[in-house]
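Work out the full structure, taking the sequences as your base and the hints as a guide.
If you read the protein sequences in the order shown, they are chains A and B.
First residue of the first sequence: 1144, per our numbering; consecutive thereafter.
First residue of the second sequence: 25, per our numbering; consecutive thereafter.
In case anyone wonders, no lab produced these hints; they're calculated from the structure.
We put the beta carbon where it would ideally sit given N, CA and C, even for glycine.
Heads up, none of these hints are tricks.
Simulated DEER-style distance windows between Cβ atoms:
{"id": "1", "chain 1": "B", "residue 1": "S281", "chain 2": "A", "residue 2": "P1450", "range": "19 to 25 Å"}
{"id": "2", "chain 1": "A", "residue 1": "P1167", "chain 2": "B", "residue 2": "P342", "range": "53 to 59 Å"}
{"id": "3", "chain 1": "B", "residue 1": "G56", "chain 2": "A", "residue 2": "K1325", "range": "51 to 57 Å"}
Interface residues of chain A toward chain B, partial, derived using beta-carbon atoms under 8 Å:
{"id": "4", "residue": "D1175"}
{"id": "5", "residue": "L1179"}
{"id": "6", "residue": "P1202"}
{"id": "7", "residue": "F1231"}
{"id": "8", "residue": "F1418"}
{"id": "9", "residue": "Y1447"}
{"id": "10", "residue": "A1449"}
One-letter residues, chain by chain:
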Amino acid sequence: MVTKSLPVAKALNEALRAALEADPKVLLMGEDIGKLGGVFRVTDGLQKDFGESRVMDSPLAESGIVGTAIGLALRGYRPVVEIQFDGFVFPAYDQIVTQLAKMHARSQGKVRLPVVIRIPYGGGIGAVEHHSESPEALFAHVAGLRIVSPSTSSDAYWMLRQAIRSDDPVIFFEPKRRYWDKGEVTLPDSGSAAGDAPPGELHEARVARAGTDLTLAAYGPMVKVCLQAAVAAEEEGKSIEVLDLRSMSPIDFDTIQTSVEKTGRLVVVHEAPVFYGAGAEIAARITERSFHHLEAPVLRVGGYHAPYPPARLEEEYLPGLDRVLDAVDRSLAY
Amino acid sequence: MTTELVQLLTPEGHRVDHPEYAVDPSAEELRGLHRDMVLARRLDAEAVTLQRQGELALWPSLLGQEAAQIGSARALRPRDHAFPSYREHGVALVRDVDPAHLLALFRGASNGSWDPAERNFHLYTLVIGSQALHATGYAMGVAKDGADTAVIAYFGDGASSQGDVAEAFTFGAVYDAPVVFFCQNNQWAISEPTERQMRAPLYRRAPGYGFPGVRVDGNDVLACLAVTRAALDHVRTGSGPMFVEAFTYRMGAHTTSDDPTRYRDEAEVEEWRAKDPILRLRRLLEREGHADEAWFAALDEEAEALARRVREIVRTMPDPDPMTMFDHVYADGHALVDEERARFAAYQASFVDAGRSN
Ligand SMILES: Cc1ncc(C[n+]2csc(CCOP(=O)(O)OP(=O)(O)O)c2C)c(N)n1
Ligand SMILES: [Mg+2]
Chain A
1144 MVTKSLPVAK ALNEALRAAL EADPKVLLMG EDIGKLGGVF RVTDGLQKDF GESRVMDSPL
1204 AESGIVGTAI GLALRGYRPV VEIQFDGFVF PAYDQIVTQL AKMHARSQGK VRLPVVIRIP
1264 YGGGIGAVEH HSESPEALFA HVAGLRIVSP STSSDAYWML RQAIRSDDPV IFFEPKRRYW
1324 DKGEVTLPDS GSAAGDAPPG ELHEARVARA GTDLTLAAYG PMVKVCLQAA VAAEEEGKSI
1384 EVLDLRSMSP IDFDTIQTSV EKTGRLVVVH EAPVFYGAGA EIAARITERS FHHLEAPVLR
1444 VGGYHAPYPP ARLEEEYLPG LDRVLDAVDR SLAY
Chain B
25 MTTELVQLLT PEGHRVDHPE YAVDPSAEEL RGLHRDMVLA RRLDAEAVTL QRQGELALWP
85 SLLGQEAAQI GSARALRPRD HAFPSYREHG VALVRDVDPA HLLALFRGAS NGSWDPAERN
145 FHLYTLVIGS QALHATGYAM GVAKDGADTA VIAYFGDGAS SQGDVAEAFT FGAVYDAPVV
205 FFCQNNQWAI SEPTERQMRA PLYRRAPGYG FPGVRVDGND VLACLAVTRA ALDHVRTGSG
265 PMFVEAFTYR MGAHTTSDDP TRYRDEAEVE EWRAKDPILR LRRLLEREGH ADEAWFAALD
325 EEAEALARRV REIVRTMPDP DPMTMFDHVY ADGHALVDEE RARFAAYQAS FVDAGRSN
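Rendered as structure tokens:
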């Protein structure tokens, strides 16, 4: 075992490398993932080391990528496919919703589809249209899909390893604006089982910072913003607990409940539009579970019911520090 | 088909005959084609520079594809409609779309601010292949109306792999839609060479759908003009679509975010440099005496003026008002959007009141 400080993108790269080494059935497929190493370099060097038959540049067709991944999985492979950007997953949406998500149930459990779909998602990188979206709720609404999103390098590594080991389809949302953020990762020794055990469950939420006055719940790119908000609030004497949810399907409601029953206040933060978003589901569940502990209604901070705006406006659209703190103040004012 | 690649002008600038396709442009038309290509290249180069200076978020360069774009766009009649992908700055120029619109899009100040009906030039489409269906549907409408309009759909070699493009071929064929599918095969889809997208020449795909396909030298503006004109005439007869594969080359990076040294040889780029679309027309103009030094110098000055205008447009372009995020989400208004707009306005105002800036 060795502990290294790695950017999120590199941690993902190490996870893919380890998975390719550990299981000959693991395959990677996607647009520009070979020589180029993916537009974010997450697959950098993997085609060189594992060959074109295991790291496959695909034709430019997302429905084709996911549809053939289903076929490869039926044949016993474990495809890990890359969708180049969030806004380009939709040609594959039919295959994901009507086929990938349902085949296990339709076959009464006889068919398993261990397919991982990696999607860089979210805004904040000043990109043009369709390159900044957060479509996780569109997938979370579909039974049969597991949906996760790491926020740290360590989670990037381990959650991807776990996703690849899962016998269910997993949509793995990568917070693209955090690709370059560094964090410590304890990597197992190559080819050895020692240290090859993940530090936690794939779908467990993590207390990223303990606090007593209010709970901020977030995942992916917004965890960092919430941690910054907690630091800022501390200067004003407010003790904020930050939860990194890590998983959007299933959601670890137990951890949220425990936190909320301690703090009495919950604000859910995500980049995705709040309308029909993860925050709505969490607010409803926590209200059901912890009604008598709540000192304030569950508040949500997120995107608007408007198309993701041109990059010059994204700072206004994305929930930033100020908007999170504003919600904190509003909750505490009840 | 007698020859596989339709060419009317060699890289050395010599005219060649083709049994099926011919154009006989006047000296003025030849100079016009040259001017369009030079201006398109200058606009493009300036935009790349502005991106490097941080003024634009991104720019997909058309370098090397001037003949394919100008030749095909010059074949259009004013009432014809073009459905571009995202690299068709040359087509936009010919259609007289204000470059400010393209620059705003790639600056991240808009997602498409022009009115497609004004110049019959539709919005850029970043989702690969989608517009092929829109063009086909538009053409289906034209056919229903019995109108004398043709439609052209631009897309790339990579896009040819998308289901939407295959579906567009089917719809176009079965409804005899007056649409020309114009594929700029620039040999690359970001880092992927055409072997990743196809194992038979693209233009040969068309007969399988029941309409003709032709491959044209995409660096030969005369051939692109002749073939596209013929294709538009063909679709106007009501006998269904036609497919044109413009065989060309993406001389630059995919976009300013891309690093082609990771995946392609400079030797290949060099090979195509010898086939430069602008140089070959210049050679023709010079050999046949259609333009003199003074004319070329004046054109250079015009190109510089365009570049100055482009710089000026970008450097003085205001950021959009944040409130515009909530504009035009629906044509008829929507209660939730209204509520969010009002709350956003109040939130913005609270910063002004508190003396804080956002
Ligand atoms: C549906 C979809 N998938 C992926 C992308 C990312 N992408 C942008 S351009 C491109 C390559 C396009 O190649 P081609 O069609 O040959 O056009 P070119 O860029 O060469 O003009 C890719 C994969 C996208 N824009 N849309
Ligand atoms: Mg191409």
